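Going down the list, the sequences are from chains E and F.
full-length UniProt numbering puts the first residue of the first sequence at 1, with every later residue one more than the last.
full-length UniProt numbering puts the first residue of the second sequence at 1, with every later residue one more than the last.
By construction, these hints were calculated from the structure, which means they are not laboratory data.
Predicted model, so just to flag it, every value in this text is computed and none were measured.
Heads up, some of the hints might be wrong.
Cut-off 27 Å, straight-line C-alpha distance, at most; resulting in silico cross-link-like pairs (DSSO-like, lysine-lysine) [as the list claims (entries may be wrong)]: (1) F/K105 / E/K226; (2) F/K213 / E/K108; (3) F/K213 / E/K213; (4) F/K221 / F/K129; (5) E/K213 / F/K209; (6) F/K108 / E/K226; (7) E/K105 / E/K209; (8) E/K42 / E/K102; (9) E/K102 / F/K213; (10) E/K64 / E/K3; (11) F/K15 / E/K15; (12) F/K221 / E/K102; (13) F/K279 / E/K209; (14) E/K120 / E/K154; (15) E/K108 / E/K20; (16) E/K42 / F/K3; (17) E/K213 / E/K42; (18) E/K20 / F/K213; (19) E/K213 / F/K279; (20) F/K302 / F/K340; (21) E/K120 / F/K226; (22) E/K340 / E/K255; (23) F/K105 / E/K213; (24) F/K279 / F/K64; (25) F/K3 / F/K340; (26) F/K102 / E/K42; (27) F/K102 / F/K213; (28) E/K203 / E/K158; (29) F/K213 / E/K89; (30) E/K226 / F/K120; (31) E/K89 / E/K42; (32) F/K89 / E/K213.
Interface residues of chain E toward chain F, partial, derived using beta-carbon atoms under 7 Å [as the list claims (entries may be wrong)]: (33) N27; (34) Q72; (35) G73; (36) G74; (37) L80; (38) I109; (39) P157; (40) P160.
Ideal Cβ placement from N, Cα and C applies to all residues, glycine included.
There are 2 protein chains.
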Amino acid sequence: MIKHNFSAGPSVLPKSVMEKASEAVLNFDNGLSILEISHRSKSFVDVMENARSLALELLGLEGKGYKALFLQGGASTQFLMVALNLLEKRAGYLNSGTWADKAIKEAKIYDDIYEVASSKNANYNYIPKGYDIPEDYDYFHCTSNNTIFGTQMKNFPKSPIPMVCDMSSDIFSRHIDYSQFDLIYAGAQKNMGPAGTTLVIIKEDILGKVSRKIPSMMDYKTHISKGSMFNTPPVFAVYTSMLTLEWLKNLGGVKAIEEANDKKSRLIYSEIDLNPLFKGYAVKEDRSMMNATFTLENENLKETFDAMCLEAGISGINGHRSVGGYRASMYNALSLDSVKALVEVMSELESKA
Amino acid sequence: MIKHNFSAGPSVLPKSVMEKASEAVLNFDNGLSILEISHRSKSFVDVMENARSLALELLGLEGKGYKALFLQGGASTQFLMVALNLLEKRAGYLNSGTWADKAIKEAKIYDDIYEVASSKNANYNYIPKGYDIPEDYDYFHCTSNNTIFGTQMKNFPKSPIPMVCDMSSDIFSRHIDYSQFDLIYAGAQKNMGPAGTTLVIIKEDILGKVSRKIPSMMDYKTHISKGSMFNTPPVFAVYTSMLTLEWLKNLGGVKAIEEANDKKSRLIYSEIDLNPLFKGYAVKEDRSMMNATFTLENENLKETFDAMCLEAGISGINGHRSVGGYRASMYNALSLDSVKALVEVMSELESKA
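Construct all of the structure, not just a fragment, from the sequences and the given hints.
Here you go:
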């Protein structure tokens, strides 16, 4: 049976990537497994360099003063590293969801944080707009896509100070001007690879401006100076991410994938809006192309709908506990056919009910 | 051709583990890959719990107040976390190698560090002994095995304060009383699994005694309270580590592997001592069972020896730049046959020369 994996992350990866990754576990370089080769071997150093340059190339950031790093610890560690490396006096954060809120909490350990705007009171069902970013702050931090709530920033403010963005759940999914950001970070496990590595894209000239002593592993400069190999990197996760980035490049890059993602999301939102049994969670103008959140108008249909989904090979659509209902995550590697399968079940439920 | 992988880490893993890991990348749970399942799925939660309890079981630490965590960031991040979580005023460190030295450097950011003893002046070719550990310090830190120099602590001091040990390169390799330690950490990529996760074993009652505010991701308590699932764990690295720990358990645990490791190391050290072309680097009483370091008495033979090794399928034996010569790393998964193959080449060189 064909599986339709709508998991919010870790999530579906391209089939060709899984096949190559599986083969590399048995034989990657001259009979040796990707799991047992030295990270200092030429074959892996090539993988790391290729992954780093593909990331910059796909985002249109080559030759623009950016460095790409593959680190460990997830976006949660970036909440901390951003503050340690950039926060001297005060920073402005946009509070658009649970992860943004966590980023604020971690940064507060180090210094003063100002919430430029928040949608917390509406349980984050929209993206705040029309706020000011004070120009004497150290940096402005935002979250481009809010996985849990299914909202996404369509436009970014003109920031007078360095702009930092958590793009964990929508990096590489659309064609925007990535050079408006000074630091981008993203856990791999949604659009880029398996869990276990975190991509950081950083404009070098924003570093070195804080007075605190930064521990080596938390210092972006350490990792930049060592080409993302200061200590043993997560070899397999970086390799699989490189495969996924190659897949995306061969597909036509972020422009091509945006078209595909747009089709998928228009299909599901149109079903949510037209089918009287379902209701979207996020306000329409802020709906995410990656995660569609919706609820059943009649909770009594839940058991039937869940059983029909299971029957159709659909998995991973349970909503996050803080929203309830359903969440269909449609990352780059999820096919249009999978969305069609889900929409079919939704519409079948309507004809049954 | 059979490969003999003496790499210092990432390093050889059991063949059966690689086969299972490779298969799981294609199909782990009901048609879904281990790379695309949710870390909150029952199947992965089971993996994590199994890996954590296997780690404690194999070290004989079950039911003794210890918790096992699978974190990210390598031992290098533990240098920092140990200090953040335990260092209030002063700590004592044994400086027995490059990694111990790095651990000291990172801890110094936070407070005063006292080197109880050091073998730095002898380029770490022995393990310092006969030092005192002041009882009013916060903790004592040591490194059980020094990968680069090929030295290993055979005995540990009776510590009047919590004892922290970096066991990255010899955990699970021998039968010792692991309950003499209050905190043990180890990067997976030598005896336990692929690069990308770090095992931390911690006695809970040593925590909560420092006054500083610890960032969530750096706080052992955060990870303990969330069962090592505070944020997305490195799923594949944890799964493969679990497979390796299962393999070890089926083999008979640390007692059985110690016997095998002892045979391997006695074989190579006897060749080093008997073959006039080679010379051991570490002092005899401190020789590591995991990493044998040695040099050629006559550098002119290097090219011939290297070519013969290549011919015999032997890889990964180049010494670290700070020692030179050769290093044969013989972690748990390396077979006695691989050591025999190396010793054969060494003895063949002697008969040729």
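We went through each hint and held it up to the structure:
1. F/K105 / E/K226: Satisfied, since the Cα-Cα distance of roughly 18 Å is no more than 27 Å.
2. F/K213 / E/K108: holds, 11 Å
3. F/K213 / E/K213: Holds - the C-alpha atoms of E/K213 and F/K213 are around 16 Å apart, at most 27 Å.
4. F/K221 / F/K129: violated, 33 Å
5. E/K213 / F/K209: Answer holds: E/K213 to F/K209 is near 23 Å, not above 27 Å.
6. F/K108 / E/K226: Status holds; Cα separation ~22 Å.
7. E/K105 / E/K209: holds, 22 Å
8. E/K42 / E/K102: Distance ~39 Å between E/K42 and E/K102 Cα, so the pair is violated.
9. E/K102 / F/K213: With a Cα-Cα distance of about 16 Å, the restraint between E/K102 and F/K213 holds, given a limit of 27 Å.
10. E/K64 / E/K3: violated, 41 Å
11. F/K15 / E/K15: holds, 24 Å
12. F/K221 / E/K102: holds, 17 Å
13. F/K279 / E/K209: Violated, at roughly 50 Å.
14. E/K120 / E/K154: The given pair, whose Cα atoms are some 19 Å apart, holds under the 27 Å limit.
15. E/K108 / E/K20: Roughly 43 Å separates the two Cα atoms, so the pair is violated.
16. E/K42 / F/K3: holds, 18 Å
17. E/K213 / E/K42: violated, 33 Å
18. E/K20 / F/K213: violated, 44 Å
19. E/K213 / F/K279: violated, 43 Å
20. F/K302 / F/K340: Given that 27 Å is the threshold and the Cα spacing comes to 20 Å, the pair holds.
21. E/K120 / F/K226: Distance of about 24 Å is within 27 Å: holds.
22. E/K340 / E/K255: This hinted pair holds, its Cα atoms lying about 22 Å apart.
23. F/K105 / E/K213: holds, 12 Å
24. F/K279 / F/K64: violated, 43 Å
25. F/K3 / F/K340: holds, 13 Å
26. F/K102 / E/K42: Status holds; Cα separation ~26 Å.
27. F/K102 / F/K213: holds, 23 Å
28. E/K203 / E/K158: holds, 17 Å
29. F/K213 / E/K89: holds, 18 Å
30. E/K226 / F/K120: This hinted pair holds, its Cα atoms lying about 24 Å apart.
31. E/K89 / E/K42: violated, 43 Å
32. F/K89 / E/K213: Roughly 18 Å between the alpha carbons, so the hint for F/K89 and E/K213 holds.
33. N27: Hint violated; E/N27 Cβ to chain F Cβ min 9 Å, cut 7 Å.
34. Q72: Where the cut-off is 7 Å and the nearest Cβ of chain F is about 4 Å from E/Q72, the hint holds.
35. G73: With a closest approach of 5 Å, the E/G73 hint holds.
36. G74: holds, 5 Å
37. L80: holds, 5 Å
38. I109: Because about 5 Å separates E/I109 from the closest Cβ in chain F, which is inside the 7 Å limit, the hint holds.
39. P157: violated, 27 Å
40. P160: This hint is violated: E/P160 lies away from chain F, its Cβ roughly 28 Å from the closest one there, beyond 7 Å.
Checked against the numbered hints given earlier, this structure breaks hints 4, 8, 10, 13, 15, 17, 18, 19, 24, 31, 33, 39, 40; the rest are met.
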